[in-house]
Amino acid sequence: MIEEIENYAKEHNIPIMLPDGIEYLCNYIKEHNIKSILEIGSAIGYSAIKMASVSDDIEITTIEKDTDRYNIAVDNIRKFNLLDRILIINDDALNVPVSGSYDLIFIDASKSANIKFFNKFKNNLNPNGVIITDNLSFHGLVEDETLIKTKNQRGIVRHIKEYIEFLNNNKEFITTYIPLGDTISISKRKDNKLVVCPTNDNLEEVLKTNIDGIIVGIKNLSVFPSLQVDINKLKKIIKSTDKEIIVSVNKMIHNKDIPYLEEVLMELNKLNISKILFYNVGVINIAKRLGITKDLVIMQEHLNTSIYSNNFYYNSGVKGSFFSFYITKEELLDIKNNTNMEIMFMGYGYLPIFYSRRYLLTNYFNYINKNKEDNLYYMKHNDEEYPVLESNNGSIIYTSKPVNLINKIDELRSIDYIVIDSFNIDNSEFMNVLNSFINKTKSNKEEYIGFFNTKTIYKVKNNE
Amino acid sequence: MNKRIELLSPAGNLEKLKIAFLYGADACYIGGRNFSLRANATNFSIEEIAYACTYAHSLGKKVHVTVNIAFHNEDVNNLKEYLINLEECGVDAIIVSDPLVIDIVKKNNINIAIHMSTQISSLNYEDVLFWKNMGCERVVLGRETSKEEIKEIIDKTGIDIECFVHGAMCSSYSGRCVLSNYFTGRDANRGGCAQICRWTFPLYDKDKKKVESDTEFTMSTKDLSLIKYIGEMIDIGIASLKVEGRMRSNYYIATVISTYREAIDEYYNNNLTKDKIEYYSKILNRVANRESTDQFFNKFPGVEGQYFLGRQEVSNQDFLGIVLDYDMNTQMVSLIQKNYFKKGLEVEMFGPNINAFSFIIPDIYDEEGNLLEVANHPEQIVRFKLNKEVYKDDIMRIKFI
Chain V
1 MIEEIENYAK EHNIPIMLPD GIEYLCNYIK EHNIKSILEI GSAIGYSAIK
51 MASVSDDIEI TTIEKDTDRY NIAVDNIRKF NLLDRILIIN DDALNVPVSG
101 SYDLIFIDAS KSANIKFFNK FKNNLNPNGV IITDNLSFHG LVEDETLIKT
151 KNQRGIVRHI KEYIEFLNNN KEFITTYIPL GDTISISKRK DNKLVVCPTN
201 DNLEEVLKTN IDGIIVGIKN LSVFPSLQVD INKLKKIIKS TDKEIIVSVN
251 KMIHNKDIPY LEEVLMELNK LNISKILFYN VGVINIAKRL GITKDLVIMQ
301 EHLNTSIYSN NFYYNSGVKG SFFSFYITKE ELLDIKNNTN MEIMFMGYGY
351 LPIFYSRRYL LTNYFNYINK NKEDNLYYMK HNDEEYPVLE SNNGSIIYTS
401 KPVNLINKID ELRSIDYIVI DSFNIDNSEF MNVLNSFINK TKSNKEEYIG
451 FFNTKTIYKV KNNE
Chain U
1001 MNKRIELLSP AGNLEKLKIA FLYGADACYI GGRNFSLRAN ATNFSIEEIA
1051 YACTYAHSLG KKVHVTVNIA FHNEDVNNLK EYLINLEECG VDAIIVSDPL
1101 VIDIVKKNNI NIAIHMSTQI SSLNYEDVLF WKNMGCERVV LGRETSKEEI
1151 KEIIDKTGID IECFVHGAMC SSYSGRCVLS NYFTGRDANR GGCAQICRWT
1201 FPLYDKDKKK VESDTEFTMS TKDLSLIKYI GEMIDIGIAS LKVEGRMRSN
1251 YYIATVISTY REAIDEYYNN NLTKDKIEYY SKILNRVANR ESTDQFFNKF
1301 PGVEGQYFLG RQEVSNQDFL GIVLDYDMNT QMVSLIQKNY FKKGLEVEMF
1351 GPNINAFSFI IPDIYDEEGN LLEVANHPEQ IVRFKLNKEV YKDDIMRIKF
1401 I
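So the sequences go chain by chain: V and U.
In this text, residue positions in the first sequence follow the numbering used here: the first is 1, and each later residue adds one.
In this text, residue positions in the second sequence follow the numbering used here: the first is 1001, and each later residue adds one.
Read the hints as simulated data drawn from the structure, not as lab findings.
DSS-like mimics (lysine-lysine), calculated; alpha carbons at most 27 Å apart, straight line:
(1) V/Lys288 - U/Lys1106
(2) V/Lys190 - V/Lys171
(3) V/Lys401 - U/Lys1209
Based on the provided sequences and hints, a complete structural model is requested.
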């Protein structure tokens, strides 16, 4: 019966999917357990019928602008007894208000409107849904323009190329291309990578969880995160896991640190690590001079607060920015959407809000003539307790409580890395939090979110 | 021989700028109404900036304008126009912490020197080389650098280096602090710093047990004063010595700038003796409302670099008056009164054109010639007889040395 449709299409020159393309698509639907499909461009119903035939519980909405084809499609669908599972609409898809949400959106219609279709219907996608588009090769004409014979073909090729560029530069979606049939693209919503700042105690346990990576500081060159290791220990960690390793050298660099820093950067360049977090811009210079190929990520969260400064650093050779505090969600997303920077954002943890070269605890205990018994104390203000941590590199003061953006995580999908820091958190509590981020289980409490939704006051007093 | 070191003064308004220049500053740094930290200072309108530049240039001096906030997306509107305005005013340099300003200056061919602010905490030669490669003409180093570090940076970069020589300082690495944001909702890096580091806090250990003491924990630091190291700072090749304090009074500016002016000139004339340094230190200590030390320049500061007396600051009443006029014939001086004084008090007169001298206050008269018991109305014009010539804008202070 399906052959009849194929033959009809051939006879009447109606484009339907090529055999290995439709086969791939049906397999994809089966393997990914796709149950709801929106199709743009039914033609004569061939692909809708094929897709619906994968499983009895698949439901499809399909839209066709051309009334003649629509009528044929309705007949075909009726022949397959699929009218209860395939809803077919005769209209321009751009005019149809679609409110449902779908596991798969399949675009196979007017090539000139692909971008418009994509932007309109991406909002109807389930969180893990995909947008699949057919004909990205256009019978090979996209790859080899010398084959183009007509003005019409040239126009279509131009539209397809624009669409491919749109997909490649899309900040929200990541697209892969399948060179089967007439080439199909599969676009998925990007999801954050989850990386953890472990401690010495929880490192092993953390590495067993389903996270994407960890951040490790290099001893004497890093003030964050809590786990600080030398190169040998770092090598052992790399050996023990296949997770992404991000390394921090973000202390304030003085002249005397530079030879050691250079040595470490050369070592890091040979290791299987992905990124180097830094604060001082001198690191950019050194990395360039030494030919370091690892991605540099700048961590000047309080200075590098705009699209423009991020563009400046990107053009200087920096590939990413790490933010943790006092930038609002809108500012963060603006930076993500308008720069090429990979963005890391603190999803959970105490945020450092003050960093001094001085040994503030030591000085204080000297002054009051008492023994400092620990490197961690709490200063109290308005019943809030702020951790004060002293190390060789100076003193850091943290927020009085950890921020927790678990309930905002859906708004941050385009952010490349969400960072979960275990500093100063009880381990069982931390593993609970980590699991909530891994499984995206919302918290039913109102969590502390720092300046995520709050602007700080710019001018205290108006001088004008 | 290097070019002579620049003495760079803060100026919160035009009056202070004039005083700073009069008392010996080579350059002043000022804030515009926009894009500048110290949002609470009065700051300069574009017309005032233009006037300041014309005035400075007529004296062969320079004006630097702070454009030193960390910009958020919303702040960037009108920045280009503002920078072009500054260029048209004849501003000699802008002080910048956000590198996006560099991009805008370059892209629009704005002819204005860029100085990187201390807010970016440049502490090593690679950082400074980075900014040099970006076309910046000067870097203001972080205050955590020692003499040896500064020298190495100067030797390895060959770019103008500016260092703080006097005034209050951040307890944190400048800029790497958002305490104000979290404690008061005011943005420290856009001009709203509420000086939380000067507050005191009870301290608790890990078990939440209070550390018992009469003195609470604080991050507060003493002020910076490097008057003792002027010679060394000149010798290692620093280009500019910066005095902190765009919010400070006329009297403070006059006293601090004239003191450093003298010390610098004495050093170049091989006349800067230990006794003189001692004397200058006393003057500077007296005019400040907090203690000061040499902080990171000579050694790593420990407890002696910090200030544990809470927020109490002494209000200074030494500033007695500023000279309005001197009549050579009658030997009568007219003075705008600033703080209480009366007949019989031993006072000191100092100014850019006189050597400081002391005298006893004789009979005091008001403008109508009425004899006054005491001078106790701020801004009142008073007169008395003085047998040494003084000039407009000379300052009368209590004799404290």
